[in-house]
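Q: For reference, the chains in residue letters:
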Amino acid sequence: MNLLNWFRRARLEYDLDRELQYHFDRRVSDLMEEGLPESEARRRATLEIGGLAQVREEVRDVWFTRWLRDFVYDLKFSARSFVRSPSFTAATVLSLAVGIGATTAIYSLVDQLILHALPVREPERLVLIDWKGDPVSTGFGSWNLMSYPICRDLQRHDRLFDGVLCRAATTITLSIDGAPEPTAAEIVSGTYFHVLGVGTALGRVLEPDDDQPPGESPSVVVSYDFWQTRLGGDPAVVGRTVRVNQYPMTIVGVAEPTFRGVDVGEVPALWIPASMAAYALPGFDNLLDRRTRWMQVLGRLKADVTPAQAQAALQPWFATMLVEDMGRPGFPRITAERRQRFLASRLEVTPAPQGHSALRRRLAQPLWVLFAATAVLLGLACLNVAGLFLARGFARDREIKTRLALGASRGRIGRQLLADSVLVALAGGLCGVALAPLAMRTLIEFLPRDTAATALHASTDRRLLAFAFAVSVAAGLLSGLAPALQAGRRSLIASLRERTGIGGGVRLRKAIVAAQIALSLVLVIGAVLFGRTLTGLLAKGPGFDTTSLISFGIEPRRSGYTRLDASRLVFRIHDEVRAAPTTAASAIARYPLLTGGSWNNQMTILADRRIATDREVNMNAVTPGFFSTLGARIVAGRDFDQRDTRAGDDSGPRTAIVNEAFVARYLAGRNPLGVLVAVGSGPDVQPNREVIGVVTTFSYRGLREESEQAYFPMLDGGEGVDVAGNFYVKVRGTPEQAVRSFRALVHAADPALPITYVRTVDEQVSRSLNAERMLATLSGGFGALALLLSLVGLCGVMSFVVSQRTREIGIRMALGARGSAAIWLVLRDAAAMIAAGTAIALPCVWMLGRLVESQLFGVTPTDPVTIAATTSLLAMVALGAALVPAYGASTVNPTDALRAE
Amino acid sequence: MPPSRFPIPQGTLDMLILQILSTGPAHGYAVAQRLEQISRAVVQVNQGSLYPALHRLEQKGWLRAEWKASETGRDAKIYALTRSGRRQLAVEKDSWARLAGAVRLIFNEGGPS
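Protein chains in written order, with this note's numbering: chain A, 1 to 901; chain B, 902 to 1014.
Read the hints as simulated data drawn from the structure, not as lab findings.
The structure displayed is predicted, hence computed values, not measured ones.
Cβ coordinates follow ideal geometry from the N, Cα and C atoms, glycine included.
It cannot be assumed that every hint is accurate.
[To be verified] Some, not all, of what chain B presents toward chain A, calculated at C-beta under 10 Å:
(1) Ala927
(2) His928
(3) Tyr930
(4) Ala954
(5) Leu955
(6) Trp968
(7) Trp997
[As the list claims (entries may be wrong)] Where chain B lies over chain A, by a calculated footprint (3+ residues, C-beta under 8 Å):
(8) 13-22
(9) 743-752
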């Protein structure tokens, strides 16, 4: 109410003026009617009303109440005093700007990636429907995978859902007017747009009618951004034909501008109906197969249904479906134990207002860790400002004492100091918000990026501003609390007496410095742990030689090639690559290395007896020479050669190479060569591949992973499986030269075939460490800032103590104490603060360790070496900082010190 | 010179304003004149304290104000009692009566004056 008045005070003032004027004029005219001359009438009227200014003041008190007016007055007073001491102001504002800016930037990412609901109708009713248990099926894609038919089944539960959609992210080769380009797309059910409640800017959305028999609805919807950037905002775009993996499809609409799909980390340029999946994913013909999982299923709950209710209500149907599934043709033969696990499966319904994002899953934890780090940094900045205020409070002692003597209440003075800090915090917040977009852009640069753009942006929106404002006010109150309480507590007599003793809230300031040291120790230890993780991973490397190693990929199946043609093309290009003068060695793999993904499945091993692997083995198909190209050693047996890669009849010899980790886990203590293996774990799996070699263990999915791996030969011209060409080439000369020749080779083979990626393997290693690098760099930066802030705090307090004790030190020196004794006097104080800080920090480190454990590699969160080294380093640096004022103490001239008082 | 009047007791001004407005809407000057008439003989009302009181009562929701043409034709801010203002007046009248009764009782008890 009062605040409301504050914003319309101009209007209020105007009305009050009119009202009082009316009263005055009426009174004057009445008095004149009584016979008074005008001048006398005016005088009387003024007298009666008792001074217009006085009345106005009193009415204003009614409008705003006292505290609000006082507060505004305080702010003005603070602003004036800040202008008078610019260096103090700069120091405090800068401390808070750093803290608030960093917190805001990280919060922006947390908000966009983790908290922000999709810009769709009533996102809070969206749920993710996921399979818990053993689905007895093969999956490809990211997480929470389901089959297309089960989504169709769920669409019939219209008592629970206002619709169910399924979607899968993929990359296609899109040709508009000729030029083919890898493009991010989303394969979706026809219900997708209706369930989300997303409309179009142009044309129509995909409809349930588009969910027709496979291949019969070649319609796509493009995103607004894509329409604007790649299609030039063409108003006649609806009806235009584009080629998806060389298959012609018609653009039927443009989605509304704010909509960027359901995955914030992977924004599709276009949406393709699931019925066209065979064209979007060349060679995929399992759309209607219930045992192929590749899509995420999201539902919109009815308004009065909770996720728990929906989950419970689905269970009876789901249990029946499981039994039916087992009777269907094509259901694999499985062991009784596995059947039990299958039948014990259930559906899980969880709220998903933010949609589904693989990036979120990968980055959520690092981001929360960083957010916690910025919160600590901000706390530290607050402490710093509190310390500075306390110091200034002492300097302003005379002013405060005068005001107290003139009758100001302690509460009033405390409030004044609080206004000071709130003002500083708001200024700091303003600077922080100004800095935040820059920080955000830098942060987003750290994130992994492929074909799909992320929807993350570095702009400040209203939510973010509200956050920054709240944080600023909180920081202001926090940093002002200690000085305000101090001012409120100190009595006049005591502060007069303090003049010669050690006053000025020194004890409080020492406590603050101890807390600062504790917080920075926590941050620095964190930074060292993340730094060691990164350097550890980099030093370890992928386990093979990456020097001069280049990888590039082609996907001929996405350009309309048949399996056989694609295979021929890949091998033809490989022959040319191998013949190129820049090539030292080269090989092809079906799946790329170090991208986080792999082809994985359980395997069956037939040695003395038949066993199934207890966890999934990472597999790949490679050409002969793959291991030598990578510089990975064959430790037993031999590499693949032409004998193994002959295509065709299944009767031929089939072989496999496993890695040392595989041998150690499953074949320990026996000769692995000659053992038979096969992909899969069912009773009908026939182990018929002979292990012909053992290779050293190297990283496949990512640097942290060194699991069991199995390699199969890539069959020359084989028709059985798709040949995706991931080339690994050891080059001579500069990589740039080689890359140019590869591009020319591929272009000559087929000008319409895009290269999906080309980079050095070193680059790939570096990309795979994005999250680790982000954590290490940022926490290192935060740690350094924290250290700086607390050293400044320590130095400040110690110089203050020295200036307070100058007299005492002078007397001691006069009595024969040496300079070193004075140094010791000061250092003892500093050491006590450092010890207290360390004592607070270590239990915190121990507790926080759990939080970061999963982010670390090769070092435990309570690694004694790290903690001991960091602590002693910090202690030394802190003592060094204390040495500056300590030296000042030792040079005190006794005569001057005594005369000063 | 007017006869010696005593200042209006704290808190009764609000009640008097509510009472005056209970007979019908009026602008500040009219309220002042009415107060003047009532109090001419007895109490002294500082006109300067009238406006803060009016604004306070408006803020509390007991009065409603709007700009309307006054009897002179010029626009004036006219105050009117709201429903809750009417209730408040009843409450204040009641407590005033009880207070006055209690004071009289004490004076009567206290012996002849």
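Q: Hint by hint, say whether it matches the structure.
A: Now the hints, each set against the structure:
no., hint, verdict
1, Ala927, "12 Å, violated"
2, His928, "7 Å, holds"
3, Tyr930, "5 Å, holds"
4, Ala954, "9 Å, holds"
5, Leu955, "9 Å, holds"
6, Trp968, "8 Å, holds"
7, Trp997, "23 Å, violated"
8, 13-22, "holds (count 6)"
9, 743-752, "violated (count 0)"
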